[in-house]
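*Asks:* The lines below spell out each chain.
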Amino acid sequence: MLRRKILAAAAAAVITTLGATAALADITILAWPGGPAEVALRKVVDQYNATAGKAANSKASLIYFSRDSFFDKMLADAAAGSKEFDVMLTATYNVGKYAPFMTPVDDLITPDIKNTFPQSAIDTQSYNGHVYGIPTDLSLHFIYYRKDLIDKLLSDDAWKAKYAAITKDKLGTEMKPKAPADWTWDDFIATALFFTQSINPDSPVRYGTVLQMKNLLFNIMIFEGAVASYGGNWLDKDGKVTVDTDAFKKGLDVYKKIADAEATPGDSNSYEYGDANAAFGTGQVAFMLQWSAAYAELIDPKQYPAIEGKFDITHEPAGPEGIKTHFHTLGLGLNKASDKKDEAKKFLAYLATPEAMTMYTKEGGQPPVVDKIMQAVAAGRPDMLMMGDNAAKYGFVPNGGTSADALGVYTNMAENFTGYWNGTIDQATAIKKVTDYMTGVFKK
Amino acid sequence: MAGQRVGVRAKEQADARYFLVALCLFLALMLGFPALANLWYSFSNFSFRDLTGGSFAGLANYKQAIGNPGLWSALGFSLRFGLICAAIELALGLALVFVLHPLLARRPWLTGILMLPMMVSPALMGVMYRLILNEFTGVIPAYLQILGWPINFLGKNNVYYTVIGIEILQWTPFAFLILLTARQSIPMELEEAAAVDGAIGARLNALVILPNMIPTIIIVGFIRFIDSFRVFDHIYVLTGGGPGNTTTSLSIYIYKLFFNQNVLGEAVAVSIMLLVASLTLLFAGLRLAVRTRAR
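Protein chains in written order, with the working numbering: chain A, 357 to 800; chain B, 23 to 317.
Keep in mind the hints are simulated off the structure, nothing from the lab.
Misleading hints may appear alongside valid ones.
Said to hold, decoys possible - Pairs of lysine-lysine residues, derived as DSSO-like cross-links and limited to a Cα-Cα distance of at most 27 Å, are as follows:
#1 Lys788/A - Lys85/B
#2 Lys410/A - Lys518/A
#3 Lys410/A - Lys697/A
#4 Lys399/A - Lys701/A
#5 Lys596/A - Lys799/A
#6 Lys85/B - Lys799/A
Everything numeric in this text was worked out from a predicted model, so none of it was measured.
Turn these sequences into a full structure, and let the hints guide you.
*Replies:* Listed below in structure tokens is the structure:
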């Protein structure tokens, strides 16, 4: 009897082990959590499992960390050689940092993939001549502005006169209002002053704009559009740090002038993405610079009834070098420690097909796809057309922006530039600290 | 009879040693090993690319850490923050003990309600206050606006006091709980004897109760100081250490060195220095408390 029980237990153990081995054949994808990106990727993964995955006898499943410090958690896992995920997230600004823990996917970059992504999108996932990820989501920045307020400013003579008086008084030059698509950074500042109640008590909104000035690296990405439009970059062609330049000083002063004039909320020094959306969404702010992802949130009348049907988007203001917007992509690539790279590649190859990306876009994702796919889904996603257009025309990644030290540079800039905007250090000190830091890291 | 008592005591001591062995093994595994690993890391030039293969770097990480002005700025913030918070939490905790002790002696379940802030995770506390204090969506600024006292709690001029205020609101209950326990452990006979000698009300508190609570006050003060000194969560959520680095605590500084700036050895060296400083302070606090009690 006892022997029979032992044999039964052993048989059960063997069956369980075999089952577990079969389960090991599945691949796990660590992806960006929450929002439309998660919803869309879940749909695509389900579709893969039902079609290409089934044909290849492979099943993909998704895992997520929370958004807070996502990349730090992934870095710790990847550096420790974790095999808990086979496919992992990449981003333009940290592809160099994660490259040592990833396997390039150069062999997936076939001529066919150009039917899905333009070369510029693939380049955002490249580092040192290798491609590390299939781009899934494009991020850049728009001006989100209140159409009703701007229309009145452009048509009401009393408002125009007041605008001229305020610009003469505060900026020393009498200016005329313009449509946001024609703004320079001076117009951006002038319109922010005009719509701020403490400067213009007749303004229907409390503040002209809302700047994101929390000591957070992502806020620097928004700011860098101004620097680039004045001709600024991190490094010149010889690799020399070029922060101590007029371009950076003028870009910094755009934020400084608005902050000093209190044309942005007083607690902007603690604002990031969500706070700016909340401020604009209450209907108490005339316009803002914001990530492209905000469009899908702000058009929801349940969340933001105060601005329902009242806002529109356009590109960032122009500087002497034209219009610029800092852009990056998120993507999915191969974990170097994975034992199932071949299977994971099958999923990535599927992800790079026009069918998968069309579905991903329709379900709410924001991939940097070719015009043909953009046009096919444009009816339901007006922001997508502008994203593709702006990325192609105005998008830039700073020199050194994909290096292993890019995150450190953004962090250092955030610490010092937010200090300048909020009056804790002067501009020369902020620029010197950033220059010294960057010189140190890029010298290595 | 006496021999039997000695035997029982020896057996209890032997049992205690067995229990202590298990505890010590647990601590050695869960705290000792990471501490030793970090000690090695602080003397090596390891990186994320090579977590186990760093070579010996001597005191280079410590030199780099000490030479970085960011360390002294963060240390200054943490010291001020720790001292201010510990002092206010102690004062408030003591005041609450003296005011509420009679009530809580009759209705001890009320203590549970007072402990609620302590049960919220500090990071969640940061998120909560980010919502509550927001100029547009926050409840408190909205009511203050109605009353004609518009205050921007997270504005650059107030954010320092706001992060201190949140720390105090969350952790005063801890100081209160320990001090209350100390107050309740003072024998009733002592209070009755003092009353017979004419010490009642404020005199009783000043001459009898407070001196008996001093060892606990010292310990609570040190614990609260160390805890506030290494603050991270709610400040990181609310301000990210800014504007600039005006609210960058030593813990936030270490985190950014490690994860954002990739200088792992320097970050671990600062952690080791922080650990040594904390242990020294706690040891000093314990000695002071023991000496005070002995007197």
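*Asks:* Which earlier hints turn out false for this structure, listed by number in ascending order?
*Replies:* Violated hint (a single one): 2; every other hint is consistent with the structure.
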